[in-house]
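Those protein sequences? They're chains A and B, same order as listed. Position one of the first sequence corresponds to residue 301 (my numbering), numbered consecutively onward. Position one of the second sequence corresponds to residue 85 (my numbering), numbered consecutively onward.
It is possible that part of the hints are untrue.
[To be verified] Simulated pairs of lysine to aspartate or glutamate, EDC-like, Cα-Cα distance not exceeding 16 Å:
# : chain 1 : residue 1 : chain 2 : residue 2
1 : B       : LYS185    : A       : GLU323
2 : B       : LYS185    : A       : ASP322
3 : B       : LYS213    : B       : GLU267
4 : A       : LYS532    : B       : GLU267
5 : A       : LYS512    : A       : ASP546
Just so you know, these hints were derived from the structure itself, not from any lab.
Residue strings, one per chain:
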Amino acid sequence: MIKKSFLLLILPLSLCVSCIQDEAPNAECDILAVEEAWLEENKDIIIGTPIVQNDRVSVMLKIGTDRTALNPSFVLTEGATLTMVSATGQEVDANGVVRDFSTPQVYTTHSEDGAWKKEYRVSFAYPNMLNTLSFEHFVLDGAKNKYYRWVELAENNVDTLNYWASGNAGFAFTGVGTTPSLYPTSVSGEGVNGNCVKLTTSDTGLIAQLNKKPIAAGNIFIGEFNSENAMKKPLEATRFGLQLVDKKPSTLSGWYKYTPGEIFTDKDKKEVVGMRDECSIYSVVFEVDPKDFVPLDGSNILSSERIVMVAQVENPGEPKDWTYFEAPYKLREGKIFDNERLKNNGYAITVVASSSKAGDFFEGAIGSTLYIDEFAISWKNE
Amino acid sequence: MCMKKIILTLLAVIAVVVAVAEEKKDVTQKEWVFRVAAGYNLGGTAPLPLPREIRSIDGFNPGLNYALEGSVQKRFVGTPWGVMLGLRLETKGMETDARVKNYHMEAVNSDGNGKVVGAWTGMVKTRVKNNYISMPILATYSIGNRWTLSAGPYIAWMFDGEFTGEAYDGYIRDQNPTGEKAEVTSAVYDFSSSLEKLHYGVQAGGEYRATERFALYANLQWGLNGIFPNDFGSVTFDLYPIYATLGFAYMF
Numbered sequence: 301m302i303k304k305s306f307l308l309l310i311l312p313l314s315l316c317v318s319c320i321q322d323e324a325p326n327a328e329c330d331i332l333a334v335e336e337a338w339l340e341e342n343k344d345i346i347i348g349t350p351i352v353q354n355d356r357v358s359v360m361l362k363i364g365t366d367r368t369a370l371n372p373s374f375v376l377t378e379g380a381t382l383t384m385v386s387a388t389g390q391e392v393d394a395n396g397v398v399r400d401f402s403t404p405q406v407y408t409t410h411s412e413d414g415a416w417k418k419e420y421r422v423s424f425a426y427p428n429m430l431n432t433l434s435f436e437h438f439v440l441d442g443a444k445n446k447y448y449r450w451v452e453l454a455e456n457n458v459d460t461l462n463y464w465a466s467g468n469a470g471f472a473f474t475g476v477g478t479t480p481s482l483y484p485t486s487v488s489g490e491g492v493n494g495n496c497v498k499l500t501t502s503d504t505g506l507i508a509q510l511n512k513k514p515i516a517a518g519n520i521f522i523g524e525f526n527s528e529n530a531m532k533k534p535l536e537a538t539r540f541g542l543q544l545v546d547k548k549p550s551t552l553s554g555w556y557k558y559t560p561g562e563i564f565t566d567k568d569k570k571e572v573v574g575m576r577d578e579c580s581i582y583s584v585v586f587e588v589d590p591k592d593f594v595p596l597d598g599s600n601i602l603s604s605e606r607i608v609m610v611a612q613v614e615n616p617g618e619p620k621d622w623t624y625f626e627a628p629y630k631l632r633e634g635k636i637f638d639n640e641r642l643k644n645n646g647y648a649i650t651v652v653a654s655s656s657k658a659g660d661f662f663e664g665a666i667g668s669t670l671y672i673d674e675f676a677i678s679w680k681n682e
Numbered sequence: 085m086c087m088k089k090i091i092l093t094l095l096a097v098i099a100v101v102v103a104v105a106e107e108k109k110d111v112t113q114k115e116w117v118f119r120v121a122a123g124y125n126l127g128g129t130a131p132l133p134l135p136r137e138i139r140s141i142d143g144f145n146p147g148l149n150y151a152l153e154g155s156v157q158k159r160f161v162g163t164p165w166g167v168m169l170g171l172r173l174e175t176k177g178m179e180t181d182a183r184v185k186n187y188h189m190e191a192v193n194s195d196g197n198g199k200v201v202g203a204w205t206g207m208v209k210t211r212v213k214n215n216y217i218s219m220p221i222l223a224t225y226s227i228g229n230r231w232t233l234s235a236g237p238y239i240a241w242m243f244d245g246e247f248t249g250e251a252y253d254g255y256i257r258d259q260n261p262t263g264e265k266a267e268v269t270s271a272v273y274d275f276s277s278s279l280e281k282l283h284y285g286v287q288a289g290g291e292y293r294a295t296e297r298f299a300l301y302a303n304l305q306w307g308l309n310g311i312f313p314n315d316f317g318s319v320t321f322d323l324y325p326i327y328a329t330l331g332f333a334y335m336f
């Protein structure tokens with residue numbers, strides 16, 4: 301009898317295990333990378349490493365190189381395919397096909413299961429050095445809960461350069477950002493001139509709090525936000541710097557105003573009594589290997605041995621009204637600015653602003669608000 | 085060796101004689117029979133069939149789930165039939181560790197701040213521990229003096245429930261498989277407050293009377309409504325409690 305009973309019990313369980321269904325074909329359709337071999341073949345015309353995001357690929361080309369006939373090939377999700385619209389309007393295979401990149405080109409990826417597709421904009425752009433940064437050019441990004449992303453314009457004043465990044469793509473996962481203005485990094489029309497960037501230290505909602513990411517500081521920086529690391533290793537998600545240095549920088553200037561939030565909290569969202577939030581605005585120039593670009597990240601942005609110069613707004617305070625600042629680029633002790641290295645694209649630069657200076661450690665005051673506008677970098681002609 | 089066989093045979097004969105003798109004053113010959121029973125619930129709260137998104141079940145812990153029951157049976161004397169009404173206090177729980185691929189998930193920020201929506205690929209650990217007061221209404225059928233089969237519906241009220249878990253070692257894509265991708269070491273969730281209170285299902289089982297008043301029994305309870313309301317988006321397939329109970333009963 302006992303045996304029979306156990307058979308009775310085991311029966312439904314074994315039924316369950318035996319009914320694992322066949323694996324579905326892949327639903328994802330990503331461009332994972334630009335083919336290694338193709339990059340190797342074209343290393344003489346490319347600066348740094350391509351930046352591959354969820355719906356765009358940005359490659360920097362050396363000034364003076366030809367981009368009217370390039371045939372990039374891409375590594376895709378297993379089973380996915382890549383197409384483009386041909387001159388005759390047909391959808392044709394696109395991987396490794398020669399195209400004119402005088403303007404960014406659109407590629408479409410298709411998933412193995414045929415249910416999903418995604419458009420990528422692939423650009424081969426010449427670097428446009430950072431001079432005036434007016435924050436007037438932004439686009440909406442994201443799958444459903446849209447957020448702002450800032451761009452600079454190419455020399456033709458039409459094509460966009462994906463130089464700016466923010467943590468918005470990470471905040472999208474919290475579900476809190478139901479409108480673009482609810483994201484930590486958003487647009488405000490009340491700039492010194494036209495629009496400005498509004499950075500707000502924001503509550504990430506209960507689910508993110510449960511998972512020890514209780515706040516998100518508003519931030520914007522030159523570089524790349526790697527959302528893949530946003531939850532796992534948030535300090536490595538902010539990849540600071542691009543190889544946009546062709547002279548020696550002398551001053552970072554701009555306008556800002558700042559109101560800190562009332563209650564400063566730590567990474568567990570516990571109030572730290574007596575602690576006042578502070579904003580941060582700075583720019584860093586650092587050494588890179590032209591053959592193997594490695595950005596700085598949240599763990600070493602102000603401490604890396606590779607840092608050559610830093611321009612920082614010291615003691616930014618809490619100005620309620622628009623306030624002008626000028627911060628000189630100061631050489632780090634023991635460092636020199638080397639013209640040989642400069643010629644070989646051996647320097648990268650980033651500009652960073654955050655509404656909570658310890659926001660990368662999830663410390664700050666919800667509601668801290670930093671407005672920035674009309675940044676400019678002046679360069680020395682040597 | 086030979087002696088041992090003889091002794092065993094004698095013991096068996098004695099046992100049968102005692103049993104037959106006992107049957108004459110059998111409690112189950114009465115029109116009304118009362119039972120108290122204690123058992124162990126073993127099973128799963130599972131989608132049926134297992135959806136394609138579940139790639140493997142790497143861990144299963146049935147946990148310690150009790151079932152305490154009191155019931156009254158009315159026998160229709162002269163026929164093998166009867167009816168039984170029970171009241172059962174029980175736990176249905178388990179822990180699983182499963183690998184999923186492209187599993188649609190939603191989690192609402194319970195403070196009203198939007199919701200997390202995405203496609204998850206990775207591991208999911210689930211812990212269910214629901215306490216119910218159940219009321220089965222059963223038809224009974226006796227075969228001989230020792231076997232009683234029973235079957236019928238039950239309704240149950242969940243007075244305390246836990247549905248928690250952890251998504252780990254994987255990645256989420258925002259909204260759907262084409263969205264931004266983020267790797268996740270560990271993300272915990274708690275859907276306990278969304279659990280459905282009222283449940284119903286069917287059960288069937290058998291009882292073997294080992295002595296005059298003690299019986300061993302086994303039941304299979306098959307839940308017919310999911311443990312979450314139909315409009316609950318976080319778990320996209322219905323999860324049905326399907327549990328077997330194994331225990332013993334005392335009759336009087």
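(message) Between the alpha carbons of LYS185 of chain B and GLU323 of chain A, is the straight-line distance 16 Å or under?
(response) Distance of about 9 Å is within 16 Å: holds.
(request) Sort out whether ASP546 of chain A lies within 16 Å of LYS512 of chain A, counting only the CA atoms. (result) violated, 41 Å
(request) With a cut-off of 16 Å on the C-alpha distance, tell me whether LYS213 of chain B and GLU267 of chain B pass. (result) Roughly 29 Å between the alpha carbons, so the hint for LYS213 of chain B and GLU267 of chain B is violated.
(request) Below or equal to 16 Å on CA atoms is what counts here, so check LYS532 of chain A against GLU267 of chain B. (result) OK: LYS532 of chain A and GLU267 of chain B at ~6 Å, within 16 Å.
(request) Assess, step by step, whether the Cα of LYS185 of chain B is no farther than 16 Å from the Cα of ASP322 of chain A, and give holds or violated. (result) holds, 12 Å
Of the numbered hints listed earlier, those contradicted by the structure are 3, 5.
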